[in-house]
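Engineer: Given next are the chains, with one letter for each unit.
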Amino acid sequence: MNENLLHRIRGRLLKALHFVTLFIAMAIICVPGLWVVLNSFRPTVEIMAKPPVWVPGELNLDNYRAMFGAVGEGGVPVLQYFTNSLIISVTSTLIAILVGMAGGYAFARYRFKGKASIFIGLMLTRAVPGVSLSLPLFIVMAKTGLIDTHIGLILVYVALNVPFTIWLIDGFFRQVPVELAEAAEIDGCTRWQAFWKVEFPVARAGVASAGIFAFLTSWNEYALASQLTRSTFSKTMPVGLRDFTSEFTINWGGMCALAVLMIIPALILTFLVQKHLIAGLTFGGVKG
Amino acid sequence: MAQVHLQKVVKKYGSLQVVHGIDLEIADNEFVVLVGPSGCGKSTTLRMIAGLEAISGGEIKIGERLVNDLPPRHRNISMVFQNYALYPHMTVRENLGFSLKIAKRPQQEIDKAVDEAAQILSLTEYMDRKPGALSGGQRQRVAMGRAIVRHPEVFLFDEPLSNLDAKLRTQMRTEIKKLHQKVKSTIVYVTHDQVEAMTLADRIVIMRDGYIEQVGTPLDVFETPANTFVATFIGSPPMNLLHGRVTGNEIAIDGGPAIGVPEPFTGKVQEGQKVILGFRADNLMPYGHAMPMESGCAEFDMTVNLSEPLGTETLLFGSLAGKEVQAKMLNPRPVADGERLQFRLDLARCHLFDADSQQALR
Ligand SMILES: Nc1ncnc2c1ncn2[C@@H]1O[C@H](COP(=O)(O)OP(=O)(O)O)[C@@H](O)[C@H]1O
Ligand SMILES: [Mg+2]
Numbered sequence: 001m002n003e004n005l006l007h008r009i010r011g012r013l014l015k016a017l018h019f020v021t022l023f024i025a026m027a028i029i030c031v032p033g034l035w036v037v038l039n040s041f042r043p044t045v046e047i048m049a050k051p052p053v054w055v056p057g058e059l060n061l062d063n064y065r066a067m068f069g070a071v072g073e074g075g076v077p078v079l080q081y082f083t084n085s086l087i088i089s090v091t092s093t094l095i096a097i098l099v100g101m102a103g104g105y106a107f108a109r110y111r112f113k114g115k116a117s118i119f120i121g122l123m124l125t126r127a128v129p130g131v132s133l134s135l136p137l138f139i140v141m142a143k144t145g146l147i148d149t150h151i152g153l154i155l156v157y158v159a160l161n162v163p164f165t166i167w168l169i170d171g172f173f174r175q176v177p178v179e180l181a182e183a184a185e186i187d188g189c190t191r192w193q194a195f196w197k198v199e200f201p202v203a204r205a206g207v208a209s210a211g212i213f214a215f216l217t218s219w220n221e222y223a224l225a226s227q228l229t230r231s232t233f234s235k236t237m238p239v240g241l242r243d244f245t246s247e248f249t250i251n252w253g254g255m256c257a258l259a260v261l262m263i264i265p266a267l268i269l270t271f272l273v274q275k276h277l278i279a280g281l282t283f284g285g286v287k288g
Numbered sequence: 001m002a003q004v005h006l007q008k009v010v011k012k013y014g015s016l017q018v019v020h021g022i023d024l025e026i027a028d029n030e031f032v033v034l035v036g037p038s039g040c041g042k043s044t045t046l047r048m049i050a051g052l053e054a055i056s057g058g059e060i061k062i063g064e065r066l067v068n069d070l071p072p073r074h075r076n077i078s079m080v081f082q083n084y085a086l087y088p089h090m091t092v093r094e095n096l097g098f099s100l101k102i103a104k105r106p107q108q109e110i111d112k113a114v115d116e117a118a119q120i121l122s123l124t125e126y127m128d129r130k131p132g133a134l135s136g137g138q139r140q141r142v143a144m145g146r147a148i149v150r151h152p153e154v155f156l157f158d159e160p161l162s163n164l165d166a167k168l169r170t171q172m173r174t175e176i177k178k179l180h181q182k183v184k185s186t187i188v189y190v191t192h193d194q195v196e197a198m199t200l201a202d203r204i205v206i207m208r209d210g211y212i213e214q215v216g217t218p219l220d221v222f223e224t225p226a227n228t229f230v231a232t233f234i235g236s237p238p239m240n241l242l243h244g245r246v247t248g249n250e251i252a253i254d255g256g257p258a259i260g261v262p263e264p265f266t267g268k269v270q271e272g273q274k275v276i277l278g279f280r281a282d283n284l285m286p287y288g289h290a291m292p293m294e295s296g297c298a299e300f301d302m303t304v305n306l307s308e309p310l311g312t313e314t315l316l317f318g319s320l321a322g323k324e325v326q327a328k329m330l331n332p333r334p335v336a337d338g339e340r341l342q343f344r345l346d347l348a349r350c351h352l353f354d355a356d357s358q359q360a361l362r
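For the record, the sequence lines run as chains A and B. Heads up: the first sequence begins at 1 in the working numbering, then just goes up one per residue. Heads up: the second sequence begins at 1 in the working numbering, then just goes up one per residue.
Just so you know, the hints here were simulated from the structure itself, not pulled from any lab data. Just so you know, these numbers come straight off a predicted model, no measurement behind them. Keep in mind that a hint or two might mislead.
[Unchecked claim] Dumping the calculated PhoX-like pairs for lysine-lysine here, alpha-carbon to alpha-carbon at most 20 angstroms:
id	chain 1	residue 1	chain 2	residue 2
1	B	130	A	275
2	B	112	B	101
3	B	12	A	113
One chain only, chain A, in its complex shape (with noise of 0.2 angstroms):
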């Protein structure tokens, strides 16, 4: 046989194998999402079987419809939970990106005493596992009277995601070249229109991708919320799936389907903010 032929069709199997491959790392990845999405469309009795149904028999809204109902009847504020979600979400991501972009400008461009030990300081917040602030916090909130607001939980997690904030965002800015700034200085710009008019655009992508992460971080987030929040009034998605539990019995479906509606949002935004982060940092302004 031909020598050409035979490198082909080793070529052609590698490509096959790589393809296979990558689609069982996905599907690994994606089964728990999906599966999520199959059972809010499913009956209870189809979700508990053992073994389970892998084909679903019937599909229907009925978990929505549920849940969208009356209280009494296995209905949840929906609404309400997802404005609050919302609400502390957007302002807490808002507030951190601020707070982000300003300490990781500094960090990434000025000289000052301490700038180690204060970054490293920031990072290691991190390193304390959420969970066993829970305590404190509460104690907190409770003497401020911040519990059950939303205030308290955007200020929880400002805290939370701005260590991230300032570490993702300090990275982008360094890769902007300080001479980009001095350019925009001497076309004529203050120090804040050369960092508005040029340094932000530029860095832009790693601006959108640490607000995605802390939007994220704040959407799901279950534990610290679950303690600190005590009614409808601020209740979160997440801690509304929590509904779904009596003390006898829990409805899957009806999870499944308010933790579908907390993923689509999620999705939106990804979406909508992945073009930012595809085209990642523009450059060829400067020569590398």
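Use these hints to put chain B with the ligands onto chain A, whose structure you have.
Structural biologist: This is chain B with the ligands only, laid out in the frame that chain A set:
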């Protein structure tokens, strides 16, 4: 249009002083090149003129204005950076017009100025591209265009050509020279490349370790270097330097031949003085392959270790008194390594430096 005036300018980073009180007068429309080895403080000096670096002492004036504490935007200068620093998120057109837009000039005026600059630098085809889609040479031109659009009083260049390949560098060098003729204005240009300095400058400022070693026209610094540093830094190949001692009316090269004290220096050296004799390869040539030497010449034998044919001439590497010495051969013939030739040294073209101070004897 403006002159630039530096008086006792000092730069310190904490306790580390990197520029030691330099004085420099740059005339209106003059093209001045700061040249020196890497780390000697050229960029720092330029950035102090630009206002990007605070000055730790002394005075800087642009025109008649003291600018010591003015921010860059109030100095009416433009700067071209080594890495170009183009705004990556803007098109070429936006890059060029940025300064005028910031100054809130009418759109019509901006368009006119941008088109004019694009014309001068032949950038018209690329106006809607982002810098990322340009070649190195094109980026370089955009950077220059951005500088000329605002008609500044002073242009500052910080090694603008060092990221280009050799051919493009020569080409852009010519363009910068032409640009200076077209848009008359004062230029301060930093480079570590002495060829660039020689070809571009009206006056060269040679720096070392935060001091100015010599200021002069390219020919000045080539023909009458103030000290051994300038002598070896300017000119290629570098000037040959041989240590010796004055005995009678001769200089005894340490471990080598004795050579008559060159005429310009008779009476300026003392008996027993330690000196350094300097001469360029162009003034040391093998017998029969040399230029006519008008006044006196010294003759001695030297073994050639290596020869580099360059076509019209051949560069010869020999060793004299244990030091490598470079010579040139006109109308070259092949030279075998190890061949011993008789050389003639043009005494009128020799330089003499005091061995202790390294300064030229005049
Ligand atoms: N921000 C800084 N802090 C401390 N030292 C610096 C700083 N910037 C430059 N230097 C020092 O100043 C000297 C001159 O630097 P520079 O002007 O960049 O040299 P060059 O002539 O190569 O342009 C160098 O020794 C450099 O290490
Ligand atoms: Mg430099």
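Engineer: All the hints need checking, so say for each whether the structure fits it.
Structural biologist: Tested hints:
1. B:130 - A:275: 18 angstroms, holds
2. B:112 - B:101: 13 angstroms, holds
3. B:12 - A:113: 18 angstroms, holds
This entry satisfies every hint, going by the numbered hints stated previously.
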